[in-house]
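A.B. asks: Protein chains in written order, with my numbering: chain Z, 1 to 414; chain E, 1001 to 1414.
Simulated from the structure, these hints should not be mistaken for laboratory data. In this text, a Cβ means the ideal position worked out from N, Cα and C, and glycines have one as well. Where hints are given, some of them may not hold.
Claimed, not checked - Pairs of lysine-lysine residues, derived as DSS-like cross-links and limited to a Cα-Cα distance of at most 27 Å, are as follows: (1) 1155/E - 1189/E; (2) 61/Z - 1061/E; (3) 321/Z - 1321/E; (4) 213/Z - 61/Z; (5) 189/Z - 1061/E.
What the hints assert, rightly or not - To give a feel for the contact side, a few chain Z residues facing chain E, derived at Cβ under 10 Å: (6) 38; (7) 48; (8) 54; (9) 77; (10) 93; (11) 100; (12) 112; (13) 140; (14) 204; (15) 235; (16) 262; (17) 266; (18) 269.
Claimed, not checked - Estimated spans, in silico, between C-beta atoms of each pair: (19) 1372/E - 71/Z: 45 to 55 Å; (20) 260/Z - 1052/E: 18 to 28 Å; (21) 408/Z - 1071/E: 49 to 59 Å; (22) 357/Z - 1372/E: 51 to 61 Å; (23) 281/Z - 1360/E: 29 to 39 Å; (24) 38/Z - 1052/E: 25 to 35 Å; (25) 1405/E - 189/Z: 52 to 62 Å; (26) 1405/E - 372/Z: 48 to 58 Å.
In case you want the letters, here they are:
Number of protein chains: 2
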Amino acid sequence: MSERRPHQPLRRGLLKASLWGSVAFAARPLVAQPLKVPDWTRQLGRPAGDGTYGLPSEFEKQVVRRQLSWMARVPESAVNFTPLQHQKGILTPSGLHFERHHGGIPAIDPDQHELVIHGLVERPLRFSMEELTRFPSVSRIHFIECAANGGLEWKGVQLETAQHTHGMLSCSEWTGVKLSTLLGEVGVKPRAKWLLAEGADAATMTRSIPIEKALDDIIVAWGQNGEALRPEQGYPLRLVVPGWEGNLQIKWLRRLELGEQPWQTREETARYSDFMPDGTARQFTFVQEANSVILSPSGGMKLDQTGFHEIRGLAWSGRGKVAEVQVSRDGGQRWELAQLEGPVLPFCLTRFTLPWRFEGQRQLLQSRCIDETGYVQPRLDQLVAARGTASFYHKNAIQTWEVTNQGEVRNAQV
Amino acid sequence: MSERRPHQPLRRGLLKASLWGSVAFAARPLVAQPLKVPDWTRQLGRPAGDGTYGLPSEFEKQVVRRQLSWMARVPESAVNFTPLQHQKGILTPSGLHFERHHGGIPAIDPDQHELVIHGLVERPLRFSMEELTRFPSVSRIHFIECAANGGLEWKGVQLETAQHTHGMLSCSEWTGVKLSTLLGEVGVKPRAKWLLAEGADAATMTRSIPIEKALDDIIVAWGQNGEALRPEQGYPLRLVVPGWEGNLQIKWLRRLELGEQPWQTREETARYSDFMPDGTARQFTFVQEANSVILSPSGGMKLDQTGFHEIRGLAWSGRGKVAEVQVSRDGGQRWELAQLEGPVLPFCLTRFTLPWRFEGQRQLLQSRCIDETGYVQPRLDQLVAARGTASFYHKNAIQTWEVTNQGEVRNAQV
């Protein structure tokens, strides 16, 4: 199964029981003949590069971030979606991390960059990058998801692939100093209840964050997946706000101000607030609630062969760990328990799998996540009943993929 | 502290207690004046790329893999070391994963690549990449370390940086099918005790692996850090053999043969065997025993300022999880318990930290790892007493970094 290259039908093989269960699989008996020796074995390969930064194989050129051309009004304020349907594990390669910028990607010299902390503090301070990286540090694997992820479908747009339905979601190992450590340095005054974070990009992105979260698990990060932050992810410094909407996780971080009230910036009034059915808008709805999506198979793919396949997907919750993922093959009538694969970490993508046979019958595949608080990911009609249709942010409804009897996989959302 | 850019002295700051302990830190009071608005805030940044694969900041060009030019006899048989001293977390970016090739890096078309399993099996089979990726899959974060990592120092060579002393070590999330699953498909005959793995590179690298390990935790991997394997790491298919020497983890995997005896290939006779003091050689010493290294500060760095610093390093064990890391500042007379940071996973790099003050006095920094079996990482003299000086592989001795009273950090090994 693939959307990568032209369809090559698999030859029909044996159906048999195996050590790993009763799932039969198509494979091909080995005929007694010498193995082919391809050209790449007959000649020396490319030498190890000296001083070059490695890149993917030339055969993987289709695995890249993609925009929706009609979405961006100006190229500096664009969304570039992660190819989630190709993601193999819980980590997103830094070169494929989704992008959302409001004033383009600045090229910041780390030797000139400073972070200032001021406002309701005992000792306002400024920190160079060298100073910041001397502090006690942590490394945590966390997802970041744009509050608008999936929101287009709330507006009736039906997108083809998981890259566009869910691709404002990525997951990295983040390294930095806990914000609480820095706040300890400056000394937070008792009256301080909120914190303003400001980026050094041309949009000087600003968001207000409650002091409780700031003193809990927020990271002032300089590292991503083992190296410095990527430019698109805030090089040299960003906030990582575990489980909360991406917009808060200010990139190119240059200023933190402590105060008594939220600042009511553009990004928490005109944007990133949730329109409700009664005409009001909810503000400061920070948490990315439990969500999940099946990625294999998913929209735009084609099952080339009947028989065994593994259903694979990702689940996550902004309230901590994923407790359980259920999968339905009949549009939500019956649910089966999926297996959680690999480490299950808080505020982190969690991989789930389920063995599956496709025998040419139409199916409606769904997954739903239940997190450690007991919250169950809702259906879209449940979400609409609670929040109407004027909303855009925080759409975490169950995704439906239709598998036709021809094996074509289509978005059956809405 | 940095080896990255020309030395910029930190301005002297306040010494004070803080919320995170009694460790004083140098930072700079904020003078009441408007914040500078740098050029990168005054103008729009670069737009999000469409269809491009992301790369690090131009200010991080020095963080690359490096060779030792005098080591490689031909460029296709080279070692390219990971810049471990710059690694921020437990993961190594795929673009910086160490390389060791014996016949160069082949460019393999995944649509033409096949894996054959034959020999003492019930049903010899061949698998295309499409077929393999339909099997039940796993994702695991594991280190891979060359058996020769650090071995040069056994020969009296004293290398400057951690990149060259320990940089044949990297850690990735690997995704694939368990080898035991595929062996279930072909049906292993009771007489089969060993397995030969063969690569499709020009060296057709071959190693013998005991059947017990093959049925335990080996992965036939197609994914690395969320995407397809990198070409240097075996694209499209490799073995991942958790905790065992890198040479076994055959890249560009094309053939697995089951048999009664090891094959005694070049790579397990003339190479990758351990010369002992009595003139014999030990073969099939697979496990990478417990090891650790302090990376910050480490060789080639300079402490620009006295006062608080965090000691940071990585520990690992080929026998499972790291249980404990101890740090000495006086060349091994006294030991302190370091903190283990982030997830502690089996056969995975584990990050450790220790708060530290440098006040201009000469120090000898060491770390030692104790794994979950109770094994304690040895001193070099203990290793030499047991294994002599003719050895080369599996050097896991404690590393010593000297910090001079000028703050220069030097390799004090041997």
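A.B. asks: Determine for every hint whether it applies to the structure shown.
C.D. replies: Status of the hints after comparison with the structure:
With a C-alpha separation of about 44 Å, the suggested pairing of residue 1155/E with residue 1189/E is violated against the 27 Å cut-off. About 23 Å separates the Cα atoms of residue 61/Z and residue 1061/E, which keeps this hinted pair within 27 Å; it holds. For the suggested pair residue 321/Z and residue 1321/E, the alpha carbons sit about 22 Å apart, so the restraint of at most 27 Å is met. For the proposed pair residue 213/Z and residue 61/Z, the alpha carbon gap of about 40 Å is over 27 Å, so the pair is violated.
With a C-alpha separation of about 41 Å, the suggested pairing of residue 189/Z with residue 1061/E is violated against the 27 Å cut-off. With a least beta-carbon distance of about 7 Å to chain E, the hint placing residue 38/Z at the interface is held under the 10 Å criterion. The interface hint given for residue 48/Z is met, as the beta carbon of that residue sits about 4 Å from the closest beta carbon of chain E, less than 10 Å. For residue 54/Z, the interface hint holds, since its Cβ comes within 10 Å of a Cβ in chain E; the closest pair sits about 4 Å apart.
Of the supplied interface hints, the one on residue 77/Z holds, with its beta-carbon coming within about 9 Å of a beta-carbon of chain E, less than 10 Å. A distance limit of 10 Å between C-beta atoms decides the matter here; for residue 93/Z the minimum to chain E is near 5 Å, and the interface restraint holds. Interface hint status for residue 100/Z: upheld, as the beta-carbon distance to the closest one in chain E is roughly 8 Å, under 10 Å. Residue-level restraint check for residue 112/Z holds (minimum Cβ-Cβ distance to chain E is 7 Å; threshold 10 Å).
Residue-level restraint check for residue 140/Z holds (minimum Cβ-Cβ distance to chain E is 6 Å; threshold 10 Å). Because the beta carbon of residue 204/Z sits about 6 Å from the nearest beta carbon in chain E, less than 10 Å, this interface hint is met. With its C-beta approaching chain E no nearer than about 5 Å, residue 235/Z sits inside the 10 Å limit, and its interface hint holds. The restraint placing residue 262/Z at the interface with chain E is violated, with a minimum CB-CB distance near 21 Å, outside the 10 Å limit.
Given hint, residue 266/Z at the interface with chain E, is violated; its Cβ is 16 Å from that chain's nearest Cβ, farther than 10 Å. Restraint check, residue 269/Z versus chain E: the minimum CB separation of about 22 Å is more than 10 Å; hint violated. Between residue 1372/E and residue 71/Z the C-beta distance comes to about 50 Å, which sits within the given range of 45 to 55 Å. Checked against the hint of 18 to 28 Å, the C-beta distance between residue 260/Z and residue 1052/E comes to roughly 44 Å, which is inconsistent with it.
Here the CB-CB span from residue 408/Z to residue 1071/E is close to 53 Å, well matched to the stated 49 to 59 Å. A hinted range of 51 to 61 Å for the beta carbons of residue 357/Z and residue 1372/E is inconsistent with their spacing of about 40 Å. Look at residue 281/Z against residue 1360/E: about 58 Å separates their beta carbons, and that is not inside 29 to 39 Å. Range check, residue 38/Z to residue 1052/E: about 30 Å between beta-carbon atoms, so the 25 to 35 Å window is met.
Between residue 1405/E and residue 189/Z the CB atoms are about 40 Å apart, so this pair departs from the stated range of 52 to 62 Å. Take residue 1405/E and residue 372/Z: their Cβ atoms lie about 51 Å apart, and the range 48 to 58 Å holds.
Of the numbered hints given earlier, the model fails hints 1, 4, 5, 16, 17, 18, 20, 22, 23, 25; all others are met.
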